[in-house]
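Peer 1: Chain by chain, the residues run as shown.
Number of protein chains: 2
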Amino acid sequence: MVDRGPRARMVFSAAQLIRRDGVTATGMRDVVLHAEAPRGSLQHYFPGGKEQLVNEAVQWGGWYASNRIGRFVAGMSRPSPRKLFAAMAGQWIEEFRTIGFHSGCPVAAATIDCAHSADSTRDAAAAAFASWRVATAGALTDMGVAARKANSLATLMISTLEGAVLMARAEQNVRALTVAVRELGPLLDGYVGEAG
Amino acid sequence: MVDRGPRARMVFSAAQLIRRDGVTATGMRDVVLHAEAPRGSLQHYFPGGKEQLVNEAVQWGGWYASNRIGRFVAGMSRPSPRKLFAAMAGQWIEEFRTIGFHSGCPVAAATIDCAHSADSTRDAAAAAFASWRVATAGALTDMGVAARKANSLATLMISTLEGAVLMARAEQNVRALTVAVRELGPLLDGYVGEAG
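Quick note, the sequences are listed as chains A and B, same order. Going by numbering that gives the first Met the number 0, the first residue of the first sequence is number 0, and it counts up by one from there. Going by numbering that gives the first Met the number 0, the first residue of the second sequence is number 0, and it counts up by one from there.
Quick caveat, the hints were computed from the structure, so don't treat them as lab data. The structure displayed is predicted, hence computed values, not measured ones. Heads up, a few of these hints could be off.
Stated by the list, open to error - Part of the chain B face toward chain A, derived, beta carbon under 10 Å:
id: 1; residue: Leu-32
id: 2; residue: His-33
id: 3; residue: Trp-62
id: 4; residue: Gly-69
id: 5; residue: Arg-70
id: 6; residue: Val-72
id: 7; residue: Ile-92
id: 8; residue: Cys-113
id: 9; residue: Ser-119
id: 10; residue: Ala-125
id: 11; residue: Ala-146
id: 12; residue: Asn-150
id: 13; residue: Gly-162
id: 14; residue: Ala-163
id: 15; residue: Ala-169
id: 16; residue: Glu-182
Stated by the list, open to error - To spell it out: a stretch of chain A is covered by chain B in this simulated footprint if at least three of its residues, at any positions, have a beta carbon under 8 Å from a beta carbon of chain B; those stretches are:
id: 17; stretch: 10 to 21
id: 18; stretch: 38 to 46
id: 19; stretch: 91 to 103
id: 20; stretch: 110 to 119
id: 21; stretch: 153 to 164
Built from N, CA and C at the ideal position, the CB exists for glycine as well.
Only chain A is shown next, with the shape it has when bound in the complex (with noise of 0.2 Å):
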């Protein structure tokens, strides 16, 4: 955060509360207060208003998510795709346990309080989806998972993944991600080194 300067403070505000409250419920007040920022520059940096910065907090979740697909596999020594899965589902656990249930996923929540009312949003939010799962499905590829596969089982991946926050925050339990993992994981890896 500390070199981050207002414009990018408030994304990051906008994307921290919109995964707590939901879009509606979060105020372009509290998006300011958040982020510790000059009233005045919400219509200085966000002239579309409310529309502009949740749009944009949704695609600094797809900027996110995709990032850290990458640090995933960095970080491990011989790569898989259960591997992945787990590292994904296993970020959500760590934050559920350490710091409580109380946020989403930001895309989820546009998604939800969106789809219907605001098309900008909606599409904000399909372009994060999509290069969530580009970024997923170029990581399966690069683990040996034919290309025409690595699609599916990104989607499949992120919408497990996706459920199972859901769950696992209405229930105030990791269990949904961790049985996601334990059942999804040998599926995975099923498809290593198959014939593309």
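Fit chain B to the known structure of chain A by using the hints.
Peer 2: Then chain B, alone, in the frame of chain A:
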């Protein structure tokens, strides 16, 4: 709808608006209008206000999803876990293709919007997921899945379905759902008849 009294109509309408717009954006007046209920009836039937109405809508969602499990299985000549999951996803695919991607799952929406802010709603969402999981796991054990495995597979099915519904709404495309059915189906059927 024809035979329902105003109370049941308001719970149903609340669920419909919540799954389209989220909890925060759903106003009490919108519910009364949607339900074509008398203005004063809201306070009469729901003295606990919006939180009570939302919680009952979430409970309705859990009841509906649980109830569908038995109906899906009853409609199959030779029930299998793969067919059950295909039916669960198929209902969403059908809705998205015929009505559009306007609405998702009310339990997911309640979790996203209220997990941090309203304990009673989070509890209602957890209870809804639990009853859905129990119904699904029961159907799986009836098909020959070992009892200790059935609960995990039911959790996986619901997680994956919830995430795929989210992604489908963002992308305005049922692909995430068809991928989930194709990829998870063989895994699910692999546990039929395994030693418990």
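Peer 1: Under the constraints set out in the numbered hints, which ones does this structure not fulfil?
Peer 2: Hint check: 1, 2, 3, 4, 5, 6, 7, 9, 11, 18 fail, others pass.
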